[in-house]
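Chemist: Protein chains in written order, with our numbering: chain A, 38 to 136; chain B, 38 to 136; chain C, 38 to 136; chain D, 38 to 136; chain E, 38 to 136.
There could be a bad hint or two in this list.
Distance windows between CB atoms, simulated [said to hold, decoys possible]: (1) Lys57(E) x Lys134(A): 36 to 46 Å; (2) Asp130(A) x Pro60(B): 23 to 33 Å; (3) Ser76(E) x Ser76(B): 19 to 29 Å; (4) Pro91(D) x Gly109(C): 44 to 54 Å; (5) Arg112(D) x Ala136(E): 23 to 33 Å; (6) Thr50(A) x Ala110(C): 31 to 41 Å; (7) Lys57(A) x Lys133(D): 32 to 42 Å; (8) Ser76(A) x Gly90(C): 19 to 29 Å.
Quick caveat, the hints were computed from the structure, so don't treat them as lab data. This structure is a prediction, so every number in the text was calculated from the model and none was measured. Positions of the beta carbon are idealized from the N, C-alpha and C atoms, including for glycine.
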Amino acid sequence: MFIAKVVGNVWATRKHRELKTYPLLLVKAVDPCGSGKFSGDTALALDGGVGAGPGDVVLVVDEGGSARKVLGAPRCPVRTVICGIVDQTSSGDEVKKYA
Amino acid sequence: MFIAKVVGNVWATRKHRELKTYPLLLVKAVDPCGSGKFSGDTALALDGGVGAGPGDVVLVVDEGGSARKVLGAPRCPVRTVICGIVDQTSSGDEVKKYA
Amino acid sequence: MFIAKVVGNVWATRKHRELKTYPLLLVKAVDPCGSGKFSGDTALALDGGVGAGPGDVVLVVDEGGSARKVLGAPRCPVRTVICGIVDQTSSGDEVKKYA
Amino acid sequence: MFIAKVVGNVWATRKHRELKTYPLLLVKAVDPCGSGKFSGDTALALDGGVGAGPGDVVLVVDEGGSARKVLGAPRCPVRTVICGIVDQTSSGDEVKKYA
Amino acid sequence: MFIAKVVGNVWATRKHRELKTYPLLLVKAVDPCGSGKFSGDTALALDGGVGAGPGDVVLVVDEGGSARKVLGAPRCPVRTVICGIVDQTSSGDEVKKYA
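This is chain A alone, in the form it adopts within the complex (with noise of 0.2 Å):
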């Protein structure tokens, strides 16, 4: 699981059925110690029924069984998945505000 911000979306007509219904999104993580610049590659998520989009700080769980709860889609191919938007970060005596 990781902190990650939402930098753009994506758009495929073709696609597996059970992908149909949800938005992608490319998130990519991000370190809320320190400098707090990105860390590690783009992934592309599904929104669990967040409402989140570009701009937004937040939550993404990276795997399959997870994923596919969130969604209440048991046969749907998807491994990552936003399940909430951060509000705030505290690391030693910084805080990070977000939302």
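Based on the hints, put chains B, C, D and E in the right spot on chain A.
Modeler: Just chains B, C, D and E now, with coordinates in the frame of chain A:
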């Protein structure tokens, strides 16, 4: 889950019987934000019925449970599957068309 | 599984209902051999009932099946869970006390 | 899933009883595009019945569920299994023959 | 799956009840080809009944399903387990003896 470009094909005469039905494709993750350059190593993926081929930019799900569901093959040894073909991505003001 | 230090807290008002019960913690893997410096990226973890907080060095299990078992929450979208608090490590002649 | 070269053998007298039946092989991922050089660390794999040996370029599936299905051994502690022997790859105009 | 050296021990009084039975070991992946130097980060592993200790070179399976089967503990939060002790590896003409 990530976005990748199909960069090649693989032929294997001797392989597990459950793998005989599916084309084997080489995919390389791309970062649709900014430079669009490749990120990460070349992976091997099966086509989950979307008809992808070299040059296509695709949705890849890297999880065994998903892959077996997509193929409808509960006994197939598979982890990485192509689930869609990307038409377009947007990130900030930047829009990229792939199809 | 790895050893990590709890480095912060996360607040998220809008999140999946199954996540509402658990504190969200930021953890950073530490290498208990040699320098003891951080390794890898900051991850997000749930406390599996051990009462961990910022500053603690903890046992982290990064696997969905384990995480849901620890929480006793079979429908929770979770992958990373804190399962213990480290008292001490030894490596060669070097002993480090954390608690 | 990835393509790898078998680079060695491993002997272990004391091991889990379910592992006693299978040869233990060392594999190293190769990138079949461009230089064909190794990428990533050396992994340990079991042969899923294709008769692979040192020097072969193989299909590797790195997922526990797949590995146990391939071996027909539902109680075997295994994650990485060789599922095929690569004859040839193509990437753009470049064709590589391995067998 | 990978080969690793046991490099230390971990003590944790407060931990999940299912973890109380097993020694907690620190392991560091080794590359048995060429230099034999360490690769990757230090991980935490449970001994799956082979009696491994500091200095041993071991077989590590990093997958939850495998780990729980090896321990015979279906409710244990565990992902990384030691399944064997390596006697010897060979790679090309190079043979290394560990035990």
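Chemist: Work down the list of hints and note, for each, if the structure agrees.
Modeler: These are the hints, each one checked on the structure:
At about 41 Å, the beta-carbon gap between Lys57(E) and Lys134(A) stays in the expected band of 36 to 46 Å. Taken as a hint, the range 23 to 33 Å is violated for the pair Asp130(A) and Pro60(B), whose Cβ atoms sit roughly 55 Å apart. The hint said 19 to 29 Å for the Cβ distance between Ser76(E) and Ser76(B), and at roughly 21 Å that hint holds. Under the hint 44 to 54 Å, the C-beta atoms of Pro91(D) and Gly109(C), about 47 Å apart, fit the expected range.
The hint said 23 to 33 Å for the Cβ distance between Arg112(D) and Ala136(E), and at roughly 26 Å that hint holds. For Thr50(A) and Ala110(C), the Cβ-Cβ distance of about 37 Å falls inside the hinted range of 31 to 41 Å, so the restraint holds. Between Lys57(A) and Lys133(D) the CB atoms are about 38 Å apart, so this pair conforms to the stated range of 32 to 42 Å. Evaluation of the 19 to 29 Å hint for Ser76(A) and Gly90(C) yields a pass: the beta carbon distance comes to about 24 Å.
Hint compliance for this structure: hint 2 is the single one not met.
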